[in-house]
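Here the protein sequences line up with chains A and B, keeping their order.
Under this note's numbering, think of the first position of the first sequence as 220, with each following residue one higher.
Under this note's numbering, think of the first position of the second sequence as 289, with each following residue one higher.
It is worth saying that the hints were derived from the structure and are not from the lab.
Don't take each hint at face value.
No farther apart than 25 angstroms at their CA atoms in a straight line, the calculated lysine to any residue pairs in the SDA-like style are these [said to hold, decoys possible]:
#1 311/A / 429/B
#2 248/A / 562/B
#3 378/B / 302/A
#4 419/B / 310/A
#5 369/B / 226/A
#6 229/A / 371/B
#7 229/A / 577/B
#8 746/B / 721/B
#9 378/B / 292/A
#10 229/A / 534/B
#11 229/A / 550/B
#12 369/B / 282/A
#13 378/B / 290/A
#14 577/B / 292/A
#15 229/A / 369/B
#16 311/A / 421/B
#17 577/B / 282/A
#18 308/B / 305/A
#19 308/B / 295/A
#20 680/B / 625/B
#21 308/B / 288/A
#22 229/A / 382/B
#23 311/A / 373/B
#24 631/B / 589/B
#25 311/A / 334/B
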Amino acid sequence: MSLTANDVTKIAHLARLGIAEQDIDNYAKDLSGILDLMTQMGQLDTSGVTPMAHPLDQMQRLREDIVTETDQREHFQAIAPQTEAGLYLVPKVID
Amino acid sequence: MNSQWEAVIGLEIHTQLSTKSKIFSGASTAYGAEPNTQACAVDLGLPGVLPVLNQDAVRKAVTFGLAIDAEIAPHSVFARKNYFYPDLPKGYQISQFELPIVGNGHLDIEVDGVEKRIGITRAHLEEDAGKSLHEDFHGLTGIDLNRAGTPLLEIVSEPDMRSAKEAVAYMRKLHELVRYLEICDGNMQEGSFRCDANVSVRPKGQKEFGTRAEIKNINSFRFVEKAINYEIERQIDLIEGGGKVVQETRLYDANKDETRSMRSKEEANDYRYFPDPDLLPVLIEESLKAEIRATLPELPVAKKQRFLDQYGLDDESASTLTSSRELADFYEAVVKASGGEAKLAGNWMTGDVLGALNKASLEIAACPVSAERLAGLLKRIADNTISGKIAKQVFDKLWNGTATADEIIAQEGLKQITDTGAIEAIVDKVIAANPVPVEQYLSGKDKALMALVGQIMKETQGKANPGEVNKMLMEKLRKP
Chain A
220 MSLTANDVTK IAHLARLGIA EQDIDNYAKD LSGILDLMTQ MGQLDTSGVT
270 PMAHPLDQMQ RLREDIVTET DQREHFQAIA PQTEAGLYLV PKVID
Chain B
289 MNSQWEAVIG LEIHTQLSTK SKIFSGASTA YGAEPNTQAC AVDLGLPGVL
339 PVLNQDAVRK AVTFGLAIDA EIAPHSVFAR KNYFYPDLPK GYQISQFELP
389 IVGNGHLDIE VDGVEKRIGI TRAHLEEDAG KSLHEDFHGL TGIDLNRAGT
439 PLLEIVSEPD MRSAKEAVAY MRKLHELVRY LEICDGNMQE GSFRCDANVS
489 VRPKGQKEFG TRAEIKNINS FRFVEKAINY EIERQIDLIE GGGKVVQETR
539 LYDANKDETR SMRSKEEAND YRYFPDPDLL PVLIEESLKA EIRATLPELP
589 VAKKQRFLDQ YGLDDESAST LTSSRELADF YEAVVKASGG EAKLAGNWMT
639 GDVLGALNKA SLEIAACPVS AERLAGLLKR IADNTISGKI AKQVFDKLWN
689 GTATADEIIA QEGLKQITDT GAIEAIVDKV IAANPVPVEQ YLSGKDKALM
739 ALVGQIMKET QGKANPGEVN KMLMEKLRKP
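Okay, chain B solo, but in the shape it has when bound:
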């Protein structure tokens, strides 16, 4: 970015709360059902129905509020946000306006090693709309109302971010947090976690904000970064060319990597909010807050610190292993089952295990190697039964089968050779058979030793301890 300019970014993130039933009705929220089979009379907005608030949606909102150190409104009120669109059958969305359930809070992010606190203005409960399908209906639009009434928590940040990178870091932190709290499944493909970005630019040093554009529905971390960067450049070019940014909603087109105007908000913004007479104010008692506070899980920041202190992991490994609750739990199960091999477990988890999972596009929950089986392998590395190199072979077999590490080691005869006499014989044999590298080594070319170690490891099928072999070889060659 041109250094005379500064970007100002705020995000509005819609998280679908993972309740079983809808926010105001007893219809199921399960994803992927046949169209309109989970849209009941309340969701359809038929005459005479009354919304009744789902207590679990309220609890999840409070859980989030407590986790970001926010004020929880003792009284909160639902309002109608009025607009006409066919996937919104009532002609209004039940949302919150003046008295949202979650007030001021914050979330800390880290970009390039620098910590920064991002303010969260508010988070409010609302109902999701249905889906419009514009294709294949001979000029008509198809409406599926299964999603209508799914509980959303809309989380609105302060305009505290100054780059696309910061915005993505915030979004990732938030994503991690809602999954830790188990209030949202975080599935972005299914639309459980959706992001709108408000972007403006201003000359560096200026206090007032520039006119902002809102970019709608950017549904991956990568696209958020690209869309914001595109929009920042567009606004700077516009202003430097003598133009003016207009307040509008823009849509990000991932194929073209650009944002384009969706509609000017001259009338769309006139939502005419008013308190919904169908719903009474929601009272959050201190006792409910205390109860929820007592059940809050260990949060990512605290868990990472504990992993650093308790397991002696490096910063990067601790961050990786605490990036989801499932991964952290798996790691701790491995450490426990391996009898405390914390560092070894950390290396294997961040290396081979995550590598294999990535390659197979699997989440840790679907890892074919259980924590116990992985621990079984680590124990054999730790007690020198097998070398690190052999361990990788065993891991492949653990991944592709059901045997334990001990069974694999026994079946395949992979046990490290501990009989020094046997190793010595092989070392002697290799020295005798390779006069050239021996000569090179003796004349000062240290690298030649590696060739000999390689030969010996080959002869032993990797079952000798490379450290031992190295030592033995050097001793032998010192006294020819």
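Isolated chain A (complex conformation):
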């Protein structure tokens, strides 16, 4: 499997990663190498193997449905760049 420069740009955009123009070809090569390894693993017969969802062989612990958190808005908003009327303010986003 081989990634193009376009694929790399798109993936970088989806992950909101800024990458330099001159590095794109190298990323494409490296990432393609990783995907080739995946393809190679894909050739193994795994028909009798349960897919692993988590490396720990344990089950999720559940918590009781109780409200334990108190309002710490002031504390949290102390590190926010901008707030108003209790809201976090961010650059305008519209669908």
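Based on these hints, arrange chain B on the given structure of chain A.
Showing chain B alone in chain A's frame:
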């Protein structure tokens, strides 16, 4: 719809599960709090926090699965759905992808007297996002994360519906069910029950589906029907005009009654799901399923059938009275307190009581007339203490006051006149005073009798039994 075309509709419905705390944190889920006062470090996605799953959210999901006859996954896995939006602080939503907690199930709907089974593909647990407020912040967007982390059960149907009417019927059934199960409050204004619709059209007889458009966030039954109908017409017009439907997300504008393109999904669909390493697989033991199954309430279909059998109600009344658990419980309390006046109670509930509630925009839980007080009234109708007409007056007084029916009847002297001598005197008086209608009646005009009955009822202030009066009058006029 043009009869050469067939619509294919599937719904994705997000129900907020009515837990006290969030799905992965101990912050409150109560609606309407001051912005960001119920958003804790986990909901904000601060570094170093770990989500811990709420057992009640799991139980509610299992409850739903059992109620729709679905497979409950013994192992289910949480995944990250990656996208960037400021009301999603982590940059991903914790959801389920490959192994949802609820698998294949179904729900039966009825449209125009025809039953139809709608498949439910899956239902999965996920966290809700926060809210973005785009107004009034001098070009900036305000973010309230109180809703972030509220547990959702996303219920995905098969593309089994063929008209907007079927889609609405399915949505209503589902709404009724989640409220019966008490897993969701169903409050659509507050966004507890939200619907996205996938709509496509194809020539009748064609097997393959057409390209579908997804209509987002249509939040009332009425708008779902309108939005889907608009979208079906739009797609047919487009294709008949030589165009092609593109796969996209569209937003329904209720003011203009139209759908419009929101964004093409070229990149939005690339969510790059992967299992969330912060959460271990969820194990649902057989014992938990059995325990929940044992506590399932009587479901709407079974309850309606029982109401038909046990109370002898007609189909429509049984449907109406079982449309919510609260209403059904109220009805049964009335029947019990009235000593088994099932049909009378059914008539009053579906007529006067629901009418008055509608008029006052009240739910049955806030009905000013309790089941006991209503039953007190029904007893007096049943034993002929008061006539049906007087009963309506008494009901008004029950509604607007605190007295019992017996107290009202005694205070206002509304008791039906049972003294035949007294009624007879009034009948004679009315006959004597109204020679014209009497003459008309005697010459074959049956309707004239009604005028006389009306006069007598007026004289007795409605306290005579109209049936009795009718009988007496006819007897008297037969032998002048």
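For each hint, the structure was consulted:
1. As the CA atoms of residue 311/A and residue 429/B are separated by approximately 5 angstroms, the hinted pair is consistent with the 25 angstroms bound.
2. Distance restraint check for residue 248/A and residue 562/B: the Cα-Cα separation of roughly 23 angstroms lies within the 25 angstroms cut-off, and the hinted pair is therefore satisfied.
3. Of the supplied pair hints, the one linking residue 378/B and residue 302/A holds, its CA atoms being roughly 19 angstroms apart against a limit of 25 angstroms.
4. Between residue 419/B and residue 310/A, the direct Cα distance comes to roughly 14 angstroms. Compliance with the 25 angstroms bound is thereby established for this hinted pair.
5. With a C-alpha separation of about 20 angstroms, the suggested pair residue 369/B and residue 226/A falls inside the 25 angstroms cut-off, and the hint holds.
6. Pair hint residue 229/A plus residue 371/B holds up; C-alpha atoms about 13 angstroms apart against a cutoff of 25 angstroms.
7. At roughly 44 angstroms between alpha-carbon atoms, residue 229/A and residue 577/B are farther apart than 25 angstroms, so this suggested pair is violated.
8. Simply put, residue 746/B and residue 721/B have alpha-carbon atoms about 14 angstroms apart, close enough for the 25 angstroms limit, and the pair holds.
9. With a C-alpha separation of about 18 angstroms, the suggested pairing of residue 378/B with residue 292/A holds against the 25 angstroms cut-off.
10. For the given pair, residue 229/A sits about 21 angstroms from residue 534/B by alpha-carbon distance, which is consistent with the 25 angstroms threshold.
11. Between residue 229/A and residue 550/B the alpha-carbon distance is near 21 angstroms, which keeps this suggested pair within the 25 angstroms criterion.
12. With a C-alpha separation of about 23 angstroms, the suggested pair residue 369/B and residue 282/A falls inside the 25 angstroms cut-off, and the hint holds.
13. Distance restraint check for residue 378/B and residue 290/A: the Cα-Cα separation of roughly 20 angstroms lies within the 25 angstroms cut-off, and the hinted pair is therefore satisfied.
14. Restraint check for residue 577/B and residue 292/A: not satisfied, since their Cα atoms lie roughly 39 angstroms apart, outside the 25 angstroms limit.
15. A hinted pair counts as satisfied when its Cα atoms are at most 25 angstroms apart, and residue 229/A with residue 369/B qualifies at roughly 17 angstroms.
16. As the CA atoms of residue 311/A and residue 421/B are separated by approximately 10 angstroms, the hinted pair is consistent with the 25 angstroms bound.
17. Restraint check: the Cα-Cα separation between residue 577/B and residue 282/A comes to about 18 angstroms, which is no more than 25 angstroms; the hinted pair holds.
18. Among the hinted pairs, residue 308/B with residue 305/A is consistent with the structure: their alpha-carbon atoms are about 22 angstroms apart, no more than 25 angstroms.
19. The hinted pair formed by residue 308/B and residue 295/A meets the criterion: a straight-line CA distance of about 22 angstroms does not exceed 25 angstroms.
20. Proximity of residue 680/B to residue 625/B is assessed by CA-CA distance (about 19 angstroms); at most 25 angstroms being required, the pair is judged to hold.
21. The hinted pair formed by residue 308/B and residue 288/A meets the criterion: a straight-line CA distance of about 12 angstroms does not exceed 25 angstroms.
22. Taken as a hint, the residue 229/A and residue 382/B pair is honoured in the structure, with Cα atoms around 23 angstroms apart against an allowance of 25 angstroms.
23. As the CA atoms of residue 311/A and residue 373/B are separated by approximately 11 angstroms, the hinted pair is consistent with the 25 angstroms bound.
24. Of the supplied pair hints, the one linking residue 631/B and residue 589/B holds, its CA atoms being roughly 20 angstroms apart against a limit of 25 angstroms.
25. Taking the CA atoms of residue 311/A and residue 334/B, the gap is near 22 angstroms; set against the 25 angstroms cutoff, the hint holds.
Checked against the numbered hints listed earlier, the structure breaks hints 7, 14; every other hint is satisfied.
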